[in-house]
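There are 2 protein chains.
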Amino acid sequence: MLEKMFYPESVAVIGASADPRKLGHTVLKNIVDGGFKGRIYPINPKGGEILDLKAYQSVLDVPDEVDLAVIIVPAKFVPGVMEDLGKKGVKAAIIITGGFREASNEELEEQVLEIAGKYGIRVVGPNCQGINNTHHQLCASWPLITLKGRIAIASQSGTVAAALADWSQDDGIGFSTFVSLGNKSDVDEVDIIEFFSEDDNTAAIALYIEGVRDGRRFMDAARKCRKPIVVLKPGVTERGAKAVESHTKSMAGRDAVFEAACRQSGIVRAENLEELYDFAKAFAYLRPFKGERVLIVTSSGGSGILAIDVLESNGLKVFEADEELKAKLRELVPAHAILDNPIDLTGDATAEMYLNVVKAAFDYADAFLLIVGDPIEGAADTVIEVVRMADEAGKTVVVAFLGGAEVEKEEVAKMHSNNIPVFPTPERAAKVLAALKRWGH
Amino acid sequence: MLEKMFYPESVAVIGASADPRKLGHTVLKNIVDGGFKGRIYPINPKGGEILDLKAYQSVLDVPDEVDLAVIIVPAKFVPGVMEDLGKKGVKAAIIITGGFREASNEELEEQVLEIAGKYGIRVVGPNCQGINNTHHQLCASWPLITLKGRIAIASQSGTVAAALADWSQDDGIGFSTFVSLGNKSDVDEVDIIEFFSEDDNTAAIALYIEGVRDGRRFMDAARKCRKPIVVLKPGVTERGAKAVESHTKSMAGRDAVFEAACRQSGIVRAENLEELYDFAKAFAYLRPFKGERVLIVTSSGGSGILAIDVLESNGLKVFEADEELKAKLRELVPAHAILDNPIDLTGDATAEMYLNVVKAAFDYADAFLLIVGDPIEGAADTVIEVVRMADEAGKTVVVAFLGGAEVEKEEVAKMHSNNIPVFPTPERAAKVLAALKRWGH
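The listed protein sequences derive, respectively, from chains A and B. Per our numbering, residue 7 is the first one in the first sequence, and the count goes up by one each step. Per our numbering, residue 7 is the first one in the second sequence, and the count goes up by one each step.
What the hints contain is simulated information worked out from the structure, not anything from laboratory work. Hints may be right or wrong, so weigh each one.
Any copy, or any two copies together, can satisfy a pair, since identical chains are not distinguished.
Distance condition first, Cα-Cα at most 27 Å in a straight line; then the derived BS3-like pairs of lysine-lysine [said to hold, decoys possible]:
id	residue 1	residue 2
1	154	415
2	124	323
3	248	94
4	154	365
5	415	334
6	10	420
7	365	248
8	248	296
9	365	420
10	415	82
11	28	415
12	415	35
13	334	255
14	296	52
15	323	248
16	154	233
Let the hints inform the model, and build the full structure from the sequences given.
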């Protein structure tokens with residue numbers, strides 16, 4: 007039960023500091039500034055007040071139940087803190103402090119785990135960047151991000167998770183929960199999958215893991231999971247696998263074995279960091295793609311062709327428009343539009359034209375790849391309408407919006423704020439559609 | 007001789023319009039607002055004044071030599087305009103107007119070409135988005151971008167070129183010249199390669215082409231070219247090749263043949279739009295990579311491993327640090343840093359630490375991949391110093407800066423303004439290093 011880890015009613019920050027340069031200050035401040043609605047107890051041997059909150063010298067002095075403890079004291083003090091937590095009846099701890107197994111202090115980590123086991127305390131970390139549950143307004147981490155979204159991000163690398171968090175913030179779609187797993191001494195990928203499978207605020211799970219502790223349990227959990235899972239796991243090359251060992255003492259294992267495990271348990275694997283983000287964003291807001299036939303509508307012929315190569319290489323069918331369809335479309339578009347598939351509206355495309363074309367071709371395709379290659383005003387409104395139609399009919403819509411000019415930025419922001427994911431290149435959008443197909447199978 | 011196309015002293019805009027909704031207005035306005043230093047002549051049958059410039063009813067009325075004509079009149083009027091240009095002695099024309107071969111009006115395009123041939127007029131287009139030479143302050147195109155840079159972008163897709171232009175503007179590195187080739191009726195990839203090979207403002211050429219008109223000439227031009235060339239050419243799949251035919255009536259040809267041609271003539275091929283941009287950006291500002299040994303310095307162990315997989319898959323060597331090197335580094339980094347390769351400084355990394363580590367390890371590596379995974383202040387200054395050292399020693403430095411928070415944006419902007427390209431993920435940076443290696447061979 008990780009309920010108290012992710013949805014605590016009271017939090018103690020062990021190692022809270024009044025010094026703004028210290029991490030023990032940053033984390034406490036982020037919990038406060040993030041708007042945490044529960045009770046917050048700074049713990050510091052000096053007592054006093056920190057950020058206008060009464061600080062206690064020990065967690066044992068807190069005149070209240072403590073659901074979650076966030077630990078930011080030097081490694082050697084962690085076992086003592088854990089004993090205190092046990093006596094206090096705390097059942098969830100995030101150990102941000104580093105200097106354990108990753109620094110060859112296996113013994114210290116074992117000692118901490120033993121105490122945790124004795125008292126039934128679940129542990130995230132050590133050596134991690136904390137957790138941030140935006141829906142519970144609990145940012146026991148950094149940077150402070152409060153935007154609520156649907157993707158749960160869990161990672162053995164704090165930086166990788168932070169990159170995804172930053173991108174989701176830039177896109178304005180946010181995330182549900184950010185979990186930095188660190189040394190993964192206790193809470194691991196299986197716990198994450200099991201917990202977020204049942205978390206109502208989460209629609210998709212993005213995992214960066216360097217190794218799997220128990221392949222059988224991992225596959226079982228993934229198979230039972232009610233949310234789609236995207237995994238990025240490096241160590242594909244021999245040299246990479248060796249680096250994994252140095253980094254988190256994980257065993258990367260044979261990549262082919264992991265690949266097979268993913269296929270068998272419905273996990274979609276990402277090839278790189280941007281795919282991990284793209285796929286998670288797609289899975290959180292779109293449906294699995296069950297069909298075959300893809301129609302591309304674009305204002306940029308070149309972009310359409312770039313998408314075709316990716317789609318066809320991934321086993322999707324960019325069908326050729328038949329004469330009947332072409333005849334239907336002919337009167338909706340400029341004379342110089344190219345009425346094949348892609349339907350190339352050319353640079354004269356308008357938002358209305360996109361809408362009319364999709365409506366006319368609606369029954370011909372199972373999925374639509376809309377590529378907006380020019381600064382087309384009103385594109386967001388068209389996309390919102392197309393997505394509504396597609397939702398009703400069980401079809402899939404993936405949107406690429408190319409270019410970084412102002413109109414693009416506004417339209418993209420509008421789509422994201424309407425929970426429609428947008429991808430920055432035709433190829434990335436096409437890969438997303440292929441991933442939605444893999445998820446659908 | 008395309009000198010008058012890209013560096014004209016006077017420009018006539020045929021089809022200039024006072025109506026801000028018309029392209030003939032936008033293009034004229036962009037030439038004016040872009041700060042063109044030469045003479046500008048709007049041509050409009052109504053005469054009068056447009057944007058405070060005297061408009062002439064015909065180019066024949068202009069009391070001056072005209073170096074370049076930008077044509078934005080309906081397709082059927084283009085032959086007549088070309089005749090006028092011939093009589094006027096104009097030697098360069100950009101035909102923005104569409105409605106020629108791409109709309110199955112092959113005859114009209116042939117007619118235009120014949121007139122051009124008769125008078126010796128070189129033609130960019132038709133059916134294109136114009137050209138923008140930032141160094142000559144000539145934006146005969148849209149959007150208006152004035153930032154001077156070193157990459158020449160030439161493309162059969164206006165939108166693809168515009169995406170690269172937008173990105174280069176967002177990055178603050180700019181481009182030298184943007185050329186939308188459109189139907190490529192006259193000026194083609196060979197002309198582009200030959201011209202920009204000699205253009206002092208261009209350091210690298212980025213090409214998006216859907217077909218090559220003359221393979222032998224293309225390879226010859228590429229071999230002789232004094233600047234590195236990156237090419238994105240779709241139509242890799244059968245279905246994609248078919249779409250190429252519909253789009254620009256180009257013959258995609260067998261991809262394996264094109265691939266071999268690239269290898270033999272020193273062209274580096276990009277797999278997608280982001281690679282086209284990344285590689286061009288790298289080639290414009292970095293040197294070819296001649297060595298073997300890559301050292302990764304990172305604040306993020308996970309990011310380092312993601313980079314290793316890409317480097318090793320591409321034939322580069324992420325050597326293992328020997329005891330001598332580890333001993334040298336030990337005193338420069340925190341106790342918990344991981345002194346292998348990658349050298350993982352962990353989240354406690356400082357800009358100074360990066361610099362000290364690179365200095366200490368300088369003789370061990372031929373290339374450095376610096377991955378900054380956290381908001382590290384002063385990172386740009388360190389990178390600037392490392393690049394200076396590397397330049398003197400003939401070594402290569404590639405930088406990835408991960409995450410989108412404010413500190414990252416500031417540091418990245420500082421690096422770009424110092425002509426140091428920065429890439430947004432460890433994998434993209436690693437692919438860039440592999441591309442620099444291919445270029446080096």
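Hint check results:
1. With identical chains, the CA atoms of residue 154 and residue 415 are at most 27 Å apart both within one copy (20 Å) and between copies (23 Å).
2. In this assembly of identical chains, the alpha carbons of residue 124 and residue 323 never lie at most 27 Å apart, being 57 Å within a copy and 47 Å across copies at closest.
3. With identical chains, the CA atoms of residue 248 and residue 94 are never at most 27 Å apart, being 41 Å at best within one copy and 70 Å at best between copies.
4. Neither within a single protomer nor between protomers do residue 154 and residue 365 lie at most 27 Å apart by alpha-carbon distance, with minima of 33 Å and 43 Å respectively.
5. Proximity of residue 415 and residue 334 under a CA criterion of 27 Å is satisfied in neither setting, with 33 Å inside one chain copy and 48 Å between copies.
6. With identical chains, the CA atoms of residue 10 and residue 420 are never at most 27 Å apart, being 35 Å at best within one copy and 43 Å at best between copies.
7. Taking the shortest alpha-carbon separations for residue 365 and residue 248, only the inter-copy value of 25 Å comes in at or below 27 Å, while the best intra-copy value is 53 Å.
8. For the identical chains of this complex, residue 248 and residue 296 are inter-copy neighbours only, at 26 Å across copies versus 39 Å inside a copy, given an alpha-carbon limit of 27 Å.
9. Only within a single protomer do residue 365 and residue 420 lie at most 27 Å apart by alpha-carbon distance; the minimum there is 22 Å, versus 47 Å between protomers.
10. In the homo-oligomer, the alpha carbons of residue 415 and residue 82 never lie at most 27 Å apart, since the shortest distance is 49 Å inside one protomer and 37 Å across protomers.
11. In this homomeric assembly, residue 28 and residue 415 come within 27 Å of each other (Cα to Cα) only across copies, at 23 Å, whereas the closest approach inside a single copy is 36 Å.
12. For the homomeric pair residue 415 and residue 35, the shortest alpha-carbon distance between copies (23 Å) is at most 27 Å, but the shortest distance inside one copy (32 Å) is not.
13. In the homo-oligomer, the alpha carbons of residue 334 and residue 255 lie at most 27 Å apart only across protomers (24 Å), although the nearest pairing inside one protomer, at 61 Å, exceeds that limit.
14. Neither within a single protomer nor between protomers do residue 296 and residue 52 lie at most 27 Å apart by alpha-carbon distance, with minima of 61 Å and 58 Å respectively.
15. Proximity of residue 323 and residue 248 under a CA criterion of 27 Å is satisfied inter-copy only: 13 Å between copies versus 39 Å inside one chain copy.
16. Within a single copy, residue 154 and residue 233 get their C-alpha atoms as close as 18 Å, which meets the 27 Å cut-off; across copies the closest is 48 Å, which misses it.
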